[in-house]
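J.: Sequence:
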Amino acid sequence: MVPALILLLASPSWAAPSCVNHVAPRLSGDLFAPVECSSATLPAAALDEAPVEGSRKASLKDLAGTWTGQTEEGLGRYALRATLTVSWRGRAQGEATLMERQTHLMTAVSLTLSPAKGAGRYDAALSTRMLPGAVLKGTAVLGLAAPGSSARVLDAAFDNGARYRVELDPDGPDALDARVRFAVPGGPSRSFETRLTRAP
Numbered sequence: 003m004v005p006a007l008i009l010l011l012a013s014p015s016w017a018a019p020s021c022v023n024h025v026a027p028r029l030s031g032d033l034f035a036p037v038e039c040s041s042a043t044l045p046a047a048a049l050d051e052a053p054v055e056g057s058r059k060a061s062l063k064d065l066a067g068t069w070t071g072q073t074e075e076g077l078g079r080y081a082l083r084a085t086l087t088v089s090w091r092g093r094a095q096g097e098a099t100l101m102e103r104q105t106h107l108m109t110a111v112s113l114t115l116s117p118a119k120g121a122g123r124y125d126a127a128l129s130t131r132m133l134p135g136a137v138l139k140g141t142a143v144l145g146l147a148a149p150g151s152s153a154r155v156l157d158a159a160f161d162n163g164a165r166y167r168v169e170l171d172p173d174g175p176d177a178l179d180a181r182v183r184f185a186v187p188g189g190p191s192r193s194f195e196t197r198l199t200r201a202p
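The sequence shown begins at 3 in the working numbering and counts up by one.
FYI, nobody ran anything at the bench for these hints, they're computed from the structure. Treat each hint with caution, since some may be false.
[To be verified] BS3-like mimics (lysine-lysine), calculated; alpha carbons at most 30 Å apart, straight line:
| # | residue 1 | residue 2 |
| --- | --- | --- |
| 1 | 119 | 59 |
| 2 | 119 | 139 |
| 3 | 139 | 59 |
| 4 | 139 | 63 |
| 5 | 63 | 119 |
[To be verified] Cβ pair distances, simulated, as ranges:
| # | residue 1 | residue 2 | range |
| --- | --- | --- | --- |
| 6 | 151 | 48 | 46 to 56 Å |
| 7 | 118 | 191 | 20 to 30 Å |
| 8 | 90 | 50 | 34 to 44 Å |
| 9 | 22 | 151 | 22 to 32 Å |
| 10 | 169 | 123 | 33 to 43 Å |
Ideal Cβ positions, reconstructed from N, Cα and C, are used throughout, including at glycine.
Work out the full structure: start from the sequences and follow the hints.
T.: Structure (structure tokens):
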């Protein structure tokens with residue numbers, strides 16, 4: 003799920019983080035702060051959302067490509083760039099890069115969805131270039147916002163207790179409204195919205 007486009011395309015080098023408290027860094031599941039320095043076991047996050055019903059009619063193939071937009075979260079204003087590829091077998095690979103517009107700090111996360119048993123069900127794997135080799139595993143369910151709707155809803159739950167609800171509502175072939183609610187262990191639920199346009 004993007005920055006001043008020129009900076010994003012520049013392929014920054016991602017230095018592996020280190021923790022001052024001598025704890026090994028780990029994935030948090032937070033899109034805006036993917037890596038944390040903590041060994042504490044925190045309670046699983048919760049979202050007050052009815053579970054989405056998986057649907058074989060809910061596909062991501064028509065959303066494949068590169069999308070750009072802007073969003074706000076907390077006190078930050080971000081430029082966003084998202085890419086999505088979908089194989090003919092239904093395996094999806096997405097990456098979202100965010101740049102905070104004032105500090106120019108960047109984060110990037112990747113999500114892989116591999117078809118699992120059941121309609122609209124996937125095995126999920128979250129990773130980031132900021133912590134090479136680390137993977138946060140989970141499950142995801144893809145459904146439709148309503149029968150016959152073009153809007154899709156993705157619920158993802160990760161093994162550390164992080165939760166996501168992503169609503170993707172296409173507006174023609176080259177525009178997309180995205181609404182995201184998420185929560186990570188030990189924190190409250192948060193949300194953001196963005197209008198994405200397809201990049202050439």
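J.: Indicate, hint by hint, whether the structure satisfies it.
T.: Status of the hints after comparison with the structure:
1. 119 to 59: Status holds; Cα separation ~15 Å.
2. 119 to 139: It holds: about 16 Å lies between the C-alpha atoms, which stays within 30 Å.
3. 139 to 59: Roughly 25 Å between the alpha carbons, so the hint for residue 139 and residue 59 holds.
4. 139 to 63: 23 Å, holds
5. 63 to 119: Roughly 19 Å between the alpha carbons, so the hint for residue 63 and residue 119 holds.
6. 151 to 48: 46 to 56 Å: Hint violated: Cβ distance 26 Å, outside 46 to 56 Å.
7. 118 to 191: 20 to 30 Å: Given range 20 to 30 Å: holds, Cβ gap about 26 Å.
8. 90 to 50: 34 to 44 Å: Roughly 37 Å apart at Cβ, these two residues keep to the hinted range, so it holds.
9. 22 to 151: 22 to 32 Å: 48 Å, violated
10. 169 to 123: 33 to 43 Å: Because 18 Å falls outside the window, the suggested range is violated.
Checked against the numbered hints given earlier, the structure breaks hints 6, 9, 10 and satisfies all the rest.
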